[in-house]
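Sequential numbering from 1 applies to the sequence shown in the UniProt record's numbering.
The hints are simulated quantities; they were obtained by calculation from the structure and are not laboratory data. Any given hint could be a false lead.
Stated by the list, open to error - Per label pair, the in silico range of CB-to-CB distance:
| no. | residue 1 | residue 2 | range |
| --- | --- | --- | --- |
| 1 | E21 | A60 | 21 to 29 angstroms |
| 2 | C149 | E31 | 38 to 46 angstroms |
| 3 | A133 | A164 | 34 to 42 angstroms |
| 4 | R27 | L104 | 31 to 39 angstroms |
| 5 | S86 | L152 | 43 to 51 angstroms |
| 6 | A30 | T155 | 40 to 48 angstroms |
| 7 | H5 | A60 | 19 to 27 angstroms |
| 8 | R22 | P106 | 39 to 47 angstroms |
Think of the CB as a built atom: it goes at the ideal place given N, C-alpha and C, for glycine as much as any other residue.
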Amino acid sequence: MVDFHTASHWVTHLSGSWAAERHVVSRRCAEGTTAVESNRGTSSHQHNPFLVLSEGGAPAEDHGRCFAFCLVYSGNFRAAVDVTESGRARVNVGVNPMTFSWCLEPGHAFESPECVLAVSDAGMGPLSATLHAIMRERLLPPQWRHHVCPVLINTWEAMYFDVAHA
Numbered sequence: 001m002v003d004f005h006t007a008s009h010w011v012t013h014l015s016g017s018w019a020a021e022r023h024v025v026s027r028r029c030a031e032g033t034t035a036v037e038s039n040r041g042t043s044s045h046q047h048n049p050f051l052v053l054s055e056g057g058a059p060a061e062d063h064g065r066c067f068a069f070c071l072v073y074s075g076n077f078r079a080a081v082d083v084t085e086s087g088r089a090r091v092n093v094g095v096n097p098m099t100f101s102w103c104l105e106p107g108h109a110f111e112s113p114e115c116v117l118a119v120s121d122a123g124m125g126p127l128s129a130t131l132h133a134i135m136r137e138r139l140l141p142p143q144w145r146h147h148v149c150p151v152l153i154n155t156w157e158a159m160y161f162d163v164a165h166a
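Sequences are here, hints too, so could you generate the full structure?
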């Protein structure tokens, strides 16, 4: 949970559909809650566990302050911006509470998914570059960080899900 004590926020997220992934959707945050979430059991091309909060106006590639929140998780998620009556915003990103239940036994722990946060005072372009660097240097397996990754063959179009591993 991150609080912002400035007024006039915009939220940007990525949505899409089959063969039309990752459309940038931006809108001004009004008083109340703006949320992007999935209860499908996975995150997907329809809704991605990622959002950007921009201060002072619509997001731009080369100017403006913006904050990225990228949940490192592929299950049900919720990314929400709550704006108070005074214009302050609170961002909360994590496992979707509507579909999550966990009985924590005494002496045990639950480790929630991590959320990558990044900030740029120079717009979405530098913010994107920062996120790329974080993913490359912190999340990509070490053996591939500075090399071309091997080719992954996508069998979806030819065989859909009818693939057996030998």
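Consistency of the hints with the structure:
no.	hint	result
1	E21 / A60: 21 to 29 angstroms	holds (23 angstroms)
2	C149 / E31: 38 to 46 angstroms	holds (45 angstroms)
3	A133 / A164: 34 to 42 angstroms	holds (38 angstroms)
4	R27 / L104: 31 to 39 angstroms	holds (37 angstroms)
5	S86 / L152: 43 to 51 angstroms	holds (49 angstroms)
6	A30 / T155: 40 to 48 angstroms	holds (44 angstroms)
7	H5 / A60: 19 to 27 angstroms	holds (22 angstroms)
8	R22 / P106: 39 to 47 angstroms	holds (43 angstroms)
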